[in-house]
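Visitor: Residues per chain are reported as follows:
2 protein chains.
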Amino acid sequence: MRDVAVIGVGMQKWGELWEKSTRDIFVESALLAMDDAGVDRLDAMYVGSMSPGIFASQEHLESLMADYLGQKHIPATRVESACASGGLAFRLAWLAVSSGISDVVLAGGVEKMTDVSGGQATHALATAADMKWEGMSGVTFPGLYAMMAVAHMAKYGTTRRQLASVAVKNHDNGLLNPRAQFHLKISIDDVINSVKVADPLNILDCSPITDGAAAVILCPADHVKKFKKPGVKVIGSGHATDTIALHDRADLAALKGVGEAAARAYKMAGKKPEQIDFAEVHDCFTIAEVIVSEALGFFPAGKGGPGAEAGETARGGRIPINTSGGLKSKGHPVGATGIAQIVELTEQLRGEAGERQLKKARVGLAQNMGGSGGTALVHILEVM
Amino acid sequence: MRDVAVIGVGMQKWGELWEKSTRDIFVESALLAMDDAGVDRLDAMYVGSMSPGIFASQEHLESLMADYLGQKHIPATRVESACASGGLAFRLAWLAVSSGISDVVLAGGVEKMTDVSGGQATHALATAADMKWEGMSGVTFPGLYAMMAVAHMAKYGTTRRQLASVAVKNHDNGLLNPRAQFHLKISIDDVINSVKVADPLNILDCSPITDGAAAVILCPADHVKKFKKPGVKVIGSGHATDTIALHDRADLAALKGVGEAAARAYKMAGKKPEQIDFAEVHDCFTIAEVIVSEALGFFPAGKGGPGAEAGETARGGRIPINTSGGLKSKGHPVGATGIAQIVELTEQLRGEAGERQLKKARVGLAQNMGGSGGTALVHILEVM
Chain H
1 MRDVAVIGVG
11 MQKWGELWEK
21 STRDIFVESA
31 LLAMDDAGVD
41 RLDAMYVGSM
51 SPGIFASQEH
61 LESLMADYLG
71 QKHIPATRVE
81 SACASGGLAF
91 RLAWLAVSSG
101 ISDVVLAGGV
111 EKMTDVSGGQ
121 ATHALATAAD
131 MKWEGMSGVT
141 FPGLYAMMAV
151 AHMAKYGTTR
161 RQLASVAVKN
171 HDNGLLNPRA
181 QFHLKISIDD
191 VINSVKVADP
201 LNILDCSPIT
211 DGAAAVILCP
221 ADHVKKFKKP
231 GVKVIGSGHA
241 TDTIALHDRA
251 DLAALKGVGE
261 AAARAYKMAG
271 KKPEQIDFAE
281 VHDCFTIAEV
291 IVSEALGFFP
301 AGKGGPGAEA
311 GETARGGRIP
321 INTSGGLKSK
331 GHPVGATGIA
341 QIVELTEQLR
351 GEAGERQLKK
361 ARVGLAQNMG
371 GSGGTALVHI
381 LEVM
Chain L
1 MRDVAVIGVG
11 MQKWGELWEK
21 STRDIFVESA
31 LLAMDDAGVD
41 RLDAMYVGSM
51 SPGIFASQEH
61 LESLMADYLG
71 QKHIPATRVE
81 SACASGGLAF
91 RLAWLAVSSG
101 ISDVVLAGGV
111 EKMTDVSGGQ
121 ATHALATAAD
131 MKWEGMSGVT
141 FPGLYAMMAV
151 AHMAKYGTTR
161 RQLASVAVKN
171 HDNGLLNPRA
181 QFHLKISIDD
191 VINSVKVADP
201 LNILDCSPIT
211 DGAAAVILCP
221 ADHVKKFKKP
231 GVKVIGSGHA
241 TDTIALHDRA
251 DLAALKGVGE
261 AAARAYKMAG
271 KKPEQIDFAE
281 VHDCFTIAEV
291 IVSEALGFFP
301 AGKGGPGAEA
311 GETARGGRIP
321 INTSGGLKSK
331 GHPVGATGIA
341 QIVELTEQLR
351 GEAGERQLKK
361 ARVGLAQNMG
371 GSGGTALVHI
381 LEVM
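Protein chains in written order, with this note's numbering: chain H, 1 to 384; chain L, 1 to 384.
No lab work stands behind these hints, which were simulated from the structure alone.
Take the hints with a grain of salt, since some may be wrong.
One copy or two, either will do: identical chains are not told apart, so a pair holds if it fits within one copy or between any two.
[Said to hold, decoys possible] Pairs of lysine-lysine, DSS-like flavour, derived with a Cα cap of 30 Å:
#1 Lys20 to Lys185
#2 Lys228 to Lys303
#3 Lys185 to Lys229
#4 Lys360 to Lys155
#5 Lys256 to Lys196
#6 Lys196 to Lys229
#7 Lys13 to Lys256
#8 Lys132 to Lys271
#9 Lys228 to Lys256
#10 Lys20 to Lys359
#11 Lys185 to Lys303
#12 Lys272 to Lys196
#13 Lys226 to Lys185
#14 Lys303 to Lys256
#15 Lys155 to Lys226
#16 Lys72 to Lys303
#17 Lys271 to Lys20
#18 Lys132 to Lys303
#19 Lys155 to Lys225
#20 Lys196 to Lys225
#21 Lys185 to Lys233
What you are looking at is a predicted structure, and each value in this text was computed from that prediction instead of being measured.
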């Protein structure tokens, strides 16, 4: 197994990209990443996308994208793992380089979600839950995460204000990210008074529907000098599943799959949670960021909410989380999210994050999950 | 990179399995494969499925299937590559074992296609083509392969009878496969007189809509003795793409992506086409088997049709093709097809193919493709 580095990243401004198709936005980000790395030929590519069949009547994306990217005859793979599709594409690209079967590999993610009606988007997203036992009973994702929020509040005393502080912090960060979907400062009261979606979650607790893509280029760590930019080393990769349905879990206030994936990534990296300088985590709902920050070991169980409210996860805090703006403000084109997290990590580790740049950014962690945590991916990157 | 072996296979009888859900049929095949290998715990699994979102309103299959198979917290991956999803799942499982990150890995495929209307099934399958330039113009897969058939007939003189002989041979083979969807002897005249689908292809030139799954277990070749059954070695794996749309190809009478994938697999295996004893190929339409048999090097370009008519690809012929009955008779649950090919290879190489058993079966080849050849996977297996 060889050491692997990220040598290029690319993504466009996310939002409602009505004038562009799925293939347009993927290729746009892929070309930005290839230009950033200084490569024009790939050995292989991995494309993460959750449901292009429902959102855009187009499966077989890897063949389409390899073709439209001008990468004739390369092996290309589409992976799907609901909202963790991007993180999974990154892991498989890492494995391809690490194993030695490929040298220059693109990992990308894409979702074009705004070309369908709201009902159809909700349906497409609900296919990430257990449709037989959850979806067919009428529950969709805001409802599933609302149940987790209620459980966390009951068990630990997590408050409505603590949840709101996650959204406020991520919108603050998004103001400094030119590619974020929303550039909108919000207050705790804005969140608490916004329209109810699924009690206790309001609309400003929820990540949005977004069009967008992101791409990164990987190569063996000892080839980095051949390319344009400094490389960032992938030192940990962890992947785990959990029960897809919430009713099969012993504790709704925890995410065991995330904990498993994190344990595997920490072990491979030889790092402990306190050695991580900053993280991008999967804040599909505010409660998700709170529980994930506990599952990753940044806070003891039940202390994620107070920690967020106290500013420990803000840019100047002990463990900055979602400096990119997170899913909440940057947007959440589901298949692209896991790759965009790697984009933010790489830019921070290279010192290229502009106004968002952290003073201390030597080790970063990305956590991406599918459904209500039925799949979890954790990656740890370090400056070289 | 370690040598890898297949140590267990499983699949149920395919057809319209109306009393079973997607999860039921996947887990049924997976348990058969695990029992065949004598394992009850997996290190990882790869699930190939083309469009469960459209066919069954369920994405995130890998999490669901790991959960329903009782494999708590294992890393699980869903891959999609249209009708090559199964072949791609097998390749990634091979890579996981070969690279050393996993020891006991399940590769499975599944599709439940009969729970939607015929129009919706045709739509789901059409998402494997270029929807912008092909699908939206009204062409679906029978039309795309019909254009390839017309081109092959014009360039090489391939005849209607030659195409029909492929279907007749595959139905003959399917009569001996207890798991085949159709046990129905047909004649050349039956094919030629069957209802027209897209000129020159009739209904008996086309593979059917099917419910089904298949699964295989892989492990490092030097661990085989720990398990129940003899292993079969994976000696070649080739993966390539081609343009997704037919209009971008220089020659409609060839499948360059298949040729590329085959060249990569032959090179890795150190074998030539004449050293292959038998093959399972992707006969989604009769013309596909003809062109593929040329792309794999079993026949010179243009000689696949006459070769099929002369019986060279029959069980007693020079290069037996689709002893399982192929997609035509065994059925074509799209995500499962690539794995079912490995099931047939393994059973033949182990001498367990019953009435279908070939006298000489030491090296077998499986070729699986997506769309109109926009993706191609070729694997070569050998007795140990």
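Visitor: Of the numbered hints stated earlier in the document, which are not met by this structure?
Guide: Of the numbered hints given earlier, those the structure breaks are 2, 3, 4, 6, 7, 8, 9, 10, 12, 13, 15, 17, 18, 19, 20, 21, listed in rising order.
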